[in-house]
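> Residue strings, one per chain:
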Amino acid sequence: MAKLPVDDLAITHAFGPHLSPRTRGSTSDAPDKLVKTHCCFCGQQCGIQLKVKDNEVIGFEPWDEFPFNRGMLCPKGVKRYLQGSHPDRLVTALRRDPQAPSGFSPIAYEAAIAQVAREIERLQQQHGNAAIAVLSGASLTTEKTYLMGKFARVCLNTPYIDYNGRLCMVSAGAANKKAFGIDRTTSPWSDMVGTEVVWVAGSNVAECSPITTNYIWQAREMGARVIVQDPRITPLARTCDLYLPVRPGRDAALFACVLGLMIEHGWIDREFIAAHTVGFEAVAEYCKTWPVARAAELTGVPARSIESAAELWGTARTSFLLHARGIEHHSDGVSNCLGTINLVLASGRIGRPKSGYGTITGQANGQGGREHGQKCDQLPGMRDIANPAHRAHIAGVWKIDEKDLPGAGVDAYELFRKIDAGEIKGLLSLCFNPMVSLPDNQFVSRALDKLELYVAIDFFLNDTARHADIVLPGSLQEEDEGTVTQVEGRVIKINKAVDCPGEARQDWRIIQDLARALGRTHGMTFASPREIWDELRVASAGGIADYSGITYEKIERQMGVFWPCPSDDHAGTPRLFEPGSHNPIANGAGPFYFPDGKARFHVAEYRPAVDDASDDYPIFLTTGRVVSQFLSGTQTRRIGPLVAHYPEPRLELHPKLASKLGIADGDWATCETRRGTITVRAMVVTTIRPDTVFIPYHWAGAKSVNQVTVAAQDPISKIPQFKVCGCRVRKADAEPAYAREREAQQ
Amino acid sequence: MPKPEQLEFFVDPSRCIACRACVEACTECDTHRGESMIHLEYIDRGHSTQTVPVICMHCEQPTCAEVCPADAIKRTGDGVVQSARKPRCIACGNCVAACPFGVPELYIDRAIMMKCDMCYDRTSVGKKPMCATVCPSQALFFGTRDQAIALRPRSAPANTFRFGEQTITTRVNVMVPRGARPSHVDVTAAMRDEPHARGLRLPVIDTVDPFAEVEV
Chain A
9 MAKLPVDDLA ITHAFGPHLS PRTRGSTSDA PDKLVKTHCC FCGQQCGIQL
59 KVKDNEVIGF EPWDEFPFNR GMLCPKGVKR YLQGSHPDRL VTALRRDPQA
109 PSGFSPIAYE AAIAQVAREI ERLQQQHGNA AIAVLSGASL TTEKTYLMGK
159 FARVCLNTPY IDYNGRLCMV SAGAANKKAF GIDRTTSPWS DMVGTEVVWV
209 AGSNVAECSP ITTNYIWQAR EMGARVIVQD PRITPLARTC DLYLPVRPGR
259 DAALFACVLG LMIEHGWIDR EFIAAHTVGF EAVAEYCKTW PVARAAELTG
309 VPARSIESAA ELWGTARTSF LLHARGIEHH SDGVSNCLGT INLVLASGRI
359 GRPKSGYGTI TGQANGQGGR EHGQKCDQLP GMRDIANPAH RAHIAGVWKI
409 DEKDLPGAGV DAYELFRKID AGEIKGLLSL CFNPMVSLPD NQFVSRALDK
459 LELYVAIDFF LNDTARHADI VLPGSLQEED EGTVTQVEGR VIKINKAVDC
509 PGEARQDWRI IQDLARALGR THGMTFASPR EIWDELRVAS AGGIADYSGI
559 TYEKIERQMG VFWPCPSDDH AGTPRLFEPG SHNPIANGAG PFYFPDGKAR
609 FHVAEYRPAV DDASDDYPIF LTTGRVVSQF LSGTQTRRIG PLVAHYPEPR
659 LELHPKLASK LGIADGDWAT CETRRGTITV RAMVVTTIRP DTVFIPYHWA
709 GAKSVNQVTV AAQDPISKIP QFKVCGCRVR KADAEPAYAR EREAQQ
Chain B
52 MPKPEQLEFF VDPSRCIACR ACVEACTECD THRGESMIHL EYIDRGHSTQ
102 TVPVICMHCE QPTCAEVCPA DAIKRTGDGV VQSARKPRCI ACGNCVAACP
152 FGVPELYIDR AIMMKCDMCY DRTSVGKKPM CATVCPSQAL FFGTRDQAIA
202 LRPRSAPANT FRFGEQTITT RVNVMVPRGA RPSHVDVTAA MRDEPHARGL
252 RLPVIDTVDP FAEVEV
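Read top to bottom, the protein sequences are chains A and B. The letter at position 587 of the first sequence is residue 595 when you use our numbering, and the numbering goes up by one with no holes. The letter at position 129 of the second sequence is residue 180 when you use our numbering, and the numbering goes up by one with no holes.
No lab work stands behind these hints: they were computed from the structure. Here the structure is a predicted model, which is why all the values come from computation and not from measurement. Any given hint might turn out to be false.
Selected chain A positions facing chain B (in silico; Cβ < 10 Å) [said to hold, decoys possible]:
(1) GLN450
(2) PHE451
(3) LEU650
(4) GLY709
(5) ALA710
Counterexamples of contact, computed for chain A against chain B with all Cβ distances above 10 Å [claimed, not checked]:
(6) ALA282
(7) ARG399
(8) LYS664
(9) ALA742
Below, in silico cross-link-like pairs of lysine-lysine (DSSO-like), each with a Cα-Cα straight-line distance of 27 Å or less [stated by the list, open to error]:
(10) A:LYS411 with A:LYS362
(11) A:LYS186 with A:LYS458
(12) A:LYS11 with A:LYS41
(13) B:LYS137 with A:LYS44
(14) B:LYS125 with A:LYS41
(15) A:LYS426 with A:LYS41
(16) A:LYS61 with B:LYS178
(17) A:LYS504 with A:LYS44
(18) A:LYS426 with A:LYS411
Every residue gets a Cβ at the ideal spot worked out from N, C-alpha and C, and that includes glycine.
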């Protein structure tokens, strides 16, 4: 039974999201201690000091010495401390109870664990081990992500584990592996300052990774030209040197055209291509199919701007290319990423100072969370679950028979299709809120209804956990220690500031308590995150993501260690692909992580989006984030000052489109796709393409734009196509019910 | 670490990304708990994402202090114009009306004017103000003049402003495009509808509508 126990509004009244007080404590109160740690939100992982008094985080103090952000923070980092001691915090386990007004009743922690274990046992006996699935997340520490992978495969013995990095990093990850043999940003961000060109493709840097702004603008101060490719004039695009106003879903064609122009003008590094790459000829042939006029027509970028981009990029001596979800959230997301990589490889500007390439990770541990085995096809150390040698290594570390190690599972969305089809009967989720974050979430809701058992671990009752039979109270980031790997590939240390309140437990303890209640404690008896870390180091040894030489002490001493770091005396690898840098695959044959040491060009083909704008649904709908909210808003929709900044989703549209539709700024507007409708207030701005509308996705229920997005996925990475689908927009007939019933953040 | 008096404030609105980290950080200060002393406004969100962060400019001859009938606004020896002193302030609002930069605000419920005092508790002991510490785009920069000049070769600090007949010299600098004549710079020049980032004409956005040819 994973149906909502009572009306959603009643659950909201009891569990929020309610707002935290605006500020807490007093800065003049001497804190008991200052804890050097990192922000709990995005992949930048800014260093921050938390002020702690009486086991409560009462504020922050900048950490000026941490090299990545040197004290800088975005508003989420400034106010992140308000998530602690929050009135909505779950401090007991809960069981679904339709008789209770709130839909849930408290239950003793051990009783909850015992009930979950009984149900898992029952379902696995009746339907097989694979009837249970696990969904995990990339905001967890690397220790927890490692444990989740091991828990699913060893303790539950199910192939079905996947994670919310599926919505975030996988297109870039797949492309990186195909082209370089390794999935990591090539260079530290400090390499940006002093470069000649920075190309930002599909990334609203100022709002989604604010600290990176200063690196880009410092590069500009030192003479860099900045190219921004985006359907919206984002705060970064406002002052860029070349703005490419690309129509949603056409990025691959733009990259192919630019590379074609570079080849035509001889703006490529033929020596590098010959010495260090394979596959260039086929790519060059494909680029010929994208003459400028055709590319301009399709992409909506003027021909002269495409030509300028080719010249700026082609003739530079140093360059840095960054991309993010804007080009990755597509059913040709891997193609788009490969398109950018082709531009980088053809330029030869990689593996040396002042030149780099990278995807901007979204979640706190977007990088580390995709390396150590919570992904459906992956084992620790960035190993492949289908590779016999990789399986044998991990089976050895886990002290199990290789034959007992399940094979590849399926991606997070396919997992819901299997729930819908009745193949998966039970689900355990941690750090994942698919009712807000997955596309076409009405389908997700119907699938949840079919589960016989749904167990959610969380610190607040998120929008998906409302469907749970049992909710186990987990830990906030500041209540545990461990490592994460931030955007540059730098492994850093999260330090514990306070204890969990009430019956809440650190997530790794909860997972192991379940293993104990199941009587399956093999390999699930770690006494601390450090013990998990030490096993992870062994498991990762010899893999591509080799963490074996990284200790907590080395991280503290060096303020982070860039992986790969294969031994105790190794300082880490800030820049990949440099001569002589650690590379266990090429072993000196060349810079890249293939046996011949050569990078791979891949034909990065443009494919039309699924459910593209059409005669019936003529406007492009694209989605994204705002600076004051984070992902599904489980935390940030509970922090008062952040909610005040941008309380509710709004639909951005250009005045040209607005006037054609008779919509004025502030009007209620209805956006309709083939999945349904959403009604939000309009925001009329000249900073968006007139054929495109934008709605941010952080909200739930009737305010969730993912009610109407399309569940199409990239065939390789399985990332959903969040960034484009066809829609109609009209002035709303009436204000939506939520405007009267709910607070802004609910 | 340089001596406190060598550190100066440099504001570059062209770098501002509207994130409000400065505003949120300012509300953490104990002397004005929950209230931000920074004003951060969109110039015209309908047409641009340009925002301008306004902190107190800390004038050499503060107009706010000059018009204060209660002598409640003091300038410290190191040039920081402080918030109104509680025992003296009569909440008349003269300073609010007179300040050419629009900085002071009247808090009727507390019957007092409050404004930015450049985090005097921090800056007086050699720390950076909270807003300039956290600012992720470094639109608010606090450091030595040498640092500012080395880090910002495309603009120059200006601290003299004309408002009608009044010429004001401030402790806080505004980064203005190289080539502009600082003595004629009005801070509101950075507040035009069409922002002049770095003082360069930006052909793609400033002069040409990038969406001009898009049909709807």
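> Hint by hint, note whether the structure agrees.
Cross-check of the supplied hints:
At its closest, the beta carbon of A:GLN450 sits 29 Å from a beta carbon of chain B; the interface hint therefore is violated under the 10 Å criterion. The interface hint given for A:PHE451 is broken, as the beta carbon of that residue sits about 31 Å from the closest beta carbon of chain B, more than 10 Å. With 10 Å as the threshold, the beta carbon of A:LEU650 comes within range of chain B, its nearest partner Cβ sitting at about 8 Å, so the hint holds. Hint status for A:GLY709 relative to chain B: violated, with the closest Cβ pair at about 26 Å, above 10 Å.
Hint status for A:ALA710 relative to chain B: violated, with the closest Cβ pair at about 25 Å, above 10 Å. With a least CB separation of 35 Å from chain B, A:ALA282 remains clear of the 10 Å interface cut-off, as annotated. Look at A:ARG399: its CB is around 43 Å from the nearest CB on chain B, clear of 10 Å, so calling it non-interface holds up. A beta-carbon of chain B comes within 10 Å of the beta-carbon of A:LYS664; the shortest separation is about 5 Å.
Non-interface call for A:ALA742 relative to chain B: holds, since the shortest CB-CB distance, roughly 25 Å, exceeds 10 Å. Restraint check: the Cα-Cα separation between A:LYS411 and A:LYS362 comes to about 47 Å, which exceeds 27 Å; the hinted pair is violated. For the hint linking A:LYS186 to A:LYS458, the alpha-carbon distance of about 37 Å lies beyond 27 Å, and the restraint is violated. Pair hint A:LYS11 plus A:LYS41 does not hold up; C-alpha atoms about 44 Å apart against a cutoff of 27 Å.
At roughly 36 Å between alpha-carbon atoms, B:LYS137 and A:LYS44 are farther apart than 27 Å, so this suggested pair is violated. The hinted pair formed by B:LYS125 and A:LYS41 fails the criterion: a straight-line CA distance of about 35 Å is larger than 27 Å. Between A:LYS426 and A:LYS41 the CA atoms are separated by roughly 48 Å; this puts the pair beyond 27 Å, and the hint is violated. About 23 Å separates the Cα atoms of A:LYS61 and B:LYS178, which keeps this hinted pair within 27 Å; it holds.
Between A:LYS504 and A:LYS44 the CA atoms are separated by roughly 9 Å; this keeps the pair inside 27 Å, and the hint holds. For the proposed pair A:LYS426 and A:LYS411, the alpha carbon gap of about 24 Å is at most 27 Å, so the pair holds.
Hint violations for this structure: numbers 1, 2, 4, 5, 8, 10, 11, 12, 13, 14 and 15, all remaining hints satisfied.
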